[in-house]
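**Q** Sequence:
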Amino acid sequence: MKIMVAFDGTNSSINALNYALDLKNSSDGYLIIYSISENKVIPPYFGEYSGDFYNEMVEKDKETAESVMDMAMQIAKKHAVTPDVEIVDMPDVDTADTILKTAYKFKADMIVMGMRRLGRVEKFILGSVSAKVIERSKIPVLVAPPKTEETEKK
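Numbering (the working numbering), first residue to last: 459 to 612.
I should point out that these hints are in silico values taken from the structure, not numbers from a laboratory. We treat Cβ as the ideally placed atom computed from N, Cα and C, and that holds for glycine. Do not rely on the hints blindly, as some may be mistaken.
Distance ranges between label pairs, derived from CB positions [what the hints assert, rightly or not]:
no., residue 1, residue 2, range
1, 604, 562, 24 to 32 Å
2, 593, 564, 32 to 40 Å
3, 522, 574, 29 to 37 Å
4, 516, 596, 27 to 35 Å
5, 469, 594, 23 to 31 Å
6, 485, 518, 33 to 41 Å
7, 590, 525, 39 to 47 Å
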């Protein structure tokens with residue numbers, strides 16, 4: 459089974475990665491860890507400074523994505539797993555769409571994601587990436603619930 463984890467370094471994605479690692483180990487599966495490197499759009503009013511500023515932003519974003527992926531690799535090593543990793547440039551504004559395109563590209567059998575607890579206003583304005591992925595996906599999606607004191611005891 460090919461399992462793809464959407465990982466951004468947040469607590470919810472760390473939790474999702476741990477779920478995916480447990481699944482991979484119990485099913486002798488194949489793990490793909492995926493992170494997004496956002497493409498920056500510079501408004502035209504930055505004029506002549508846009509080129510340097512843009513290049514600095516792109517470089518900083520790549521460094522961030524690489525450090526996030528290093529974190530994921532360290533977690534995977536604790537589980538004695540060497541996953542494939544992929545840092546994907548995000549040309550789309552729609553994160554859910556980018557996650558799905560990547561899963562289909564790698565022919566993943568399942569997507570594992572974390573869940574954040576958004577407030578009502580945030581959820582109304584931003585929507586939930588997990589909900590969008592679930593709604594649009596043609597493959598199973600496992601959404602790992604956030605850890606709580608109760609789940610830590612189990």
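**Q** Work down the list of hints and note, for each, if the structure agrees.
**A** Taking the hints in turn, this is what the structure says about them:
{"no.": "1", "hint": "604 to 562: 24 to 32 Å", "result": "holds (27 Å)"}
{"no.": "2", "hint": "593 to 564: 32 to 40 Å", "result": "violated (21 Å)"}
{"no.": "3", "hint": "522 to 574: 29 to 37 Å", "result": "violated (19 Å)"}
{"no.": "4", "hint": "516 to 596: 27 to 35 Å", "result": "holds (32 Å)"}
{"no.": "5", "hint": "469 to 594: 23 to 31 Å", "result": "holds (25 Å)"}
{"no.": "6", "hint": "485 to 518: 33 to 41 Å", "result": "holds (38 Å)"}
{"no.": "7", "hint": "590 to 525: 39 to 47 Å", "result": "violated (26 Å)"}
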